[in-house]
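Chains Z and R, in that order, give the protein sequences. Counted the way my numbering counts, the first sequence spans residues 1 to 113. Counted the way my numbering counts, the second sequence spans residues 1 to 115.
Everything labelled a hint here was simulated from the structure, so no lab data went into it. Yeah, the Cβ is synthetic: ideal placement off N, Cα and C, and Gly gets one too. Treat the hints with caution; some may be incorrect.
Cβ pair distances, simulated, as ranges [unchecked claim]:
hint: 1; chain 1: Z; residue 1: S98; chain 2: R; residue 2: A1; range: 20 to 28 Å
hint: 2; chain 1: Z; residue 1: G16; chain 2: R; residue 2: K69; range: 44 to 52 Å
hint: 3; chain 1: Z; residue 1: A38; chain 2: R; residue 2: A1; range: 30 to 38 Å
hint: 4; chain 1: Z; residue 1: G28; chain 2: R; residue 2: E64; range: 25 to 33 Å
hint: 5; chain 1: R; residue 1: Q45; chain 2: Z; residue 2: G28; range: 12 to 20 Å
hint: 6; chain 1: Z; residue 1: G16; chain 2: R; residue 2: A14; range: 44 to 52 Å
hint: 7; chain 1: R; residue 1: K69; chain 2: Z; residue 2: G84; range: 35 to 43 Å
hint: 8; chain 1: Z; residue 1: L95; chain 2: R; residue 2: N30; range: 16 to 24 Å
hint: 9; chain 1: Z; residue 1: L82; chain 2: R; residue 2: E8; range: 27 to 35 Å
hint: 10; chain 1: R; residue 1: T107; chain 2: Z; residue 2: L82; range: 18 to 26 Å
hint: 11; chain 1: R; residue 1: A14; chain 2: Z; residue 2: L113; range: 39 to 47 Å
hint: 12; chain 1: Z; residue 1: P70; chain 2: R; residue 2: A1; range: 30 to 38 Å
hint: 13; chain 1: Z; residue 1: S98; chain 2: R; residue 2: K58; range: 16 to 24 Å
Partner residues are not named here, just some residues of chain Z that face chain R (Cβ under 10 Å, in silico) [stated by the list, open to error]:
hint: 14; residue: T9
hint: 15; residue: S33
hint: 16; residue: Q37
hint: 17; residue: P43
hint: 18; residue: G58
hint: 19; residue: S86
hint: 20; residue: S94
hint: 21; residue: R109
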Amino acid sequence: DAGVTQSPTHLIKTRGQQVTLRCSPKSGHDTVSWYQQALGQGPQFIFQYYEEEERQRGNFPDRFSGHQFPNYSSELNVNALLLGDSALYLCASSLRGSAQPQHFGDGTRLSIL
Amino acid sequence: AQSVAQPEDQVNVAEGNPLTVKCTYSVSGNPYLFWYVQYPNRGLQFLLKYITGDNLVKGSYGFEAEFNKSQTSFHLKKPSALVSDSALYFCAVRDIGTGFQKLVFGTGTRLLVSP
Numbered sequence: 001d002a003g004v005t006q007s008p009t010h011l012i013k014t015r016g017q018q019v020t021l022r023c024s025p026k027s028g029h030d031t032v033s034w035y036q037q038a039l040g041q042g043p044q045f046i047f048q049y050y051e052e053e054e055r056q057r058g059n060f061p062d063r064f065s066g067h068q069f070p071n072y073s074s075e076l077n078v079n080a081l082l083l084g085d086s087a088l089y090l091c092a093s094s095l096r097g098s099a100q101p102q103h104f105g106d107g108t109r110l111s112i113l
Numbered sequence: 001a002q003s004v005a006q007p008e009d010q011v012n013v014a015e016g017n018p019l020t021v022k023c024t025y026s027v028s029g030n031p032y033l034f035w036y037v038q039y040p041n042r043g044l045q046f047l048l049k050y051i052t053g054d055n056l057v058k059g060s061y062g063f064e065a066e067f068n069k070s071q072t073s074f075h076l077k078k079p080s081a082l083v084s085d086s087a088l089y090f091c092a093v094r095d096i097g098t099g100f101q102k103l104v105f106g107t108g109t110r111l112l113v114s115p
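Please build the complete structure, drawing on both the sequences and the hints.
As C-alpha cells, this is what we get:
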C-alpha cells in the first residue's frame with residue numbers, strides 16, 4: 001500500500017520563475033493538504049483540496065495556487081518565486097470526515113537562487 | 001484560533017532514561033491533538049493522537065502522551081529513550097473550522113538522545 005508520494009524531491013529555481021509540485025495521496029484518501037515548512041520552523045498550512053475544489057486556505061498570497069484531479073492527486077503551483085519561498089513543501093492526505101490522522105509525504109525541497 | 005506551543009527548542013536525554021517533550025494548547029471547544037516526528041530530509045510520521053477518552057494515549061514506537069485538560073497540556077513521553085529516537089518532534093492541533101483537517105503545528109522540539 002503506497003503512502004503519499006511527492007515529486008520532485010528537490011528543485012532549484014531562480015527568483016521570478018514559476019514552479020509546479022506534485023502529490024499522489026495514500027490509497028483510499030480523498031483530501032489533499034499542502035504545507036510549507038521553512039528551515040527551523042513548523043509546517044504552515046497553505047490550502048486543502050477536496051472534490052477538486054479548494055476548501056480551506058491559510059495565510060498565503062494568490063501566487064500560491066493548486067489543483068486536484070479526479071484521481072485525487074494534486075498540484076501546487078507557485079508563481080513569481082521569491083527568495084522567501086525556499087522551503088520544504090509537504091503534501092498530506094486524509095479521508096474526509098474521518099478522525100484518522102493525515103499522512104505526509106517526504107516533501108519537495110525548493111531552493112530559490 | 002487554535003494554537004499549540006512547544007516551549008523547548010531542544011531536549012537532551014541519556015539513552016535508557018525517560019523523556020518528556022512538552023506541548024500546551026489553546027482551543028475553543030474539544031481539542032483534537034497530535035504528535036508527529038520528523039527525521040532528517042523526511043516528511044512527518046504520525047505518532048499518536050488524542051480525540052476523546054483516556055487521558056493517557058499510547059502510540060507508535062513506545063511513545064505515549066498525557067492529556068491534561070486543567071493544564072491544557074499534551075506532553076509526549078517515553079519510559080526509556082533510544083538513540084534512534086533523536087529527531088524533531090511536532091505537536092499539532094486540528095482546526096475544527098469547517099470540518100476539514102487543517103493542522104496547526106507548534107515550532108518543534110529537537111530531541112537528542114546520547115549513548
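_Min Cβ distance, S86 of chain Z to chain R: is it shorter than 10 Å?_
violated, 15 Å
*asked:* Between the beta carbons of K69 of chain R and G84 of chain Z, is the distance compatible with 35 to 43 Å?
replied: With Cβ atoms ~38 Å apart, the hint holds.
_Supplied contact hint for S94 of chain Z, tested at 10 Å Cβ to chain R_ = OK, holds: S94 of chain Z within 10 Å of chain R, min 5 Å.
*Given the hint of 27 to 35 Å, check if L82 of chain Z and E8 of chain R actually sit that far apart at their C-beta atoms.*
The hinted range 27 to 35 Å holds for L82 of chain Z and E8 of chain R, with Cβ atoms some 31 Å apart.
*asked:* Range first: 20 to 28 Å. Now tell me if the beta carbons of S98 of chain Z and A1 of chain R are that far apart.
replied: holds, 23 Å
*asked:* Quick check on a hinted range of 16 to 24 Å for L95 of chain Z and N30 of chain R, using CB atoms only.
replied: holds, 20 Å
*Is the hint on Q37 of chain Z kept, meaning its closest Cβ partner in chain R is under 10 Å away?*
With a closest approach of 9 Å, the Q37 of chain Z hint holds.
*Does the hinted range 44 to 52 Å hold for G16 of chain Z and A14 of chain R at CB?*
holds, 50 Å
*Hint validity - T9 of chain Z Cβ closer than 10 Å to any chain R Cβ*: OK, holds: T9 of chain Z within 10 Å of chain R, min 9 Å.
*With respect to the beta-carbon atoms only, verify the hint that G28 of chain Z and E64 of chain R lie 25 to 33 Å apart.*
Given about 27 Å between the Cβ atoms, the range holds.
*Range hint compliance [Cβ, A14 of chain R to L113 of chain Z, 39 to 47 Å]*: holds, 42 Å
_chain R contact restraint for P43 of chain Z - C-beta distance below 10 Å_ = holds, 5 Å
Of the numbered hints stated above, those contradicted by the structure are hints 3, 19, listed in ascending order.
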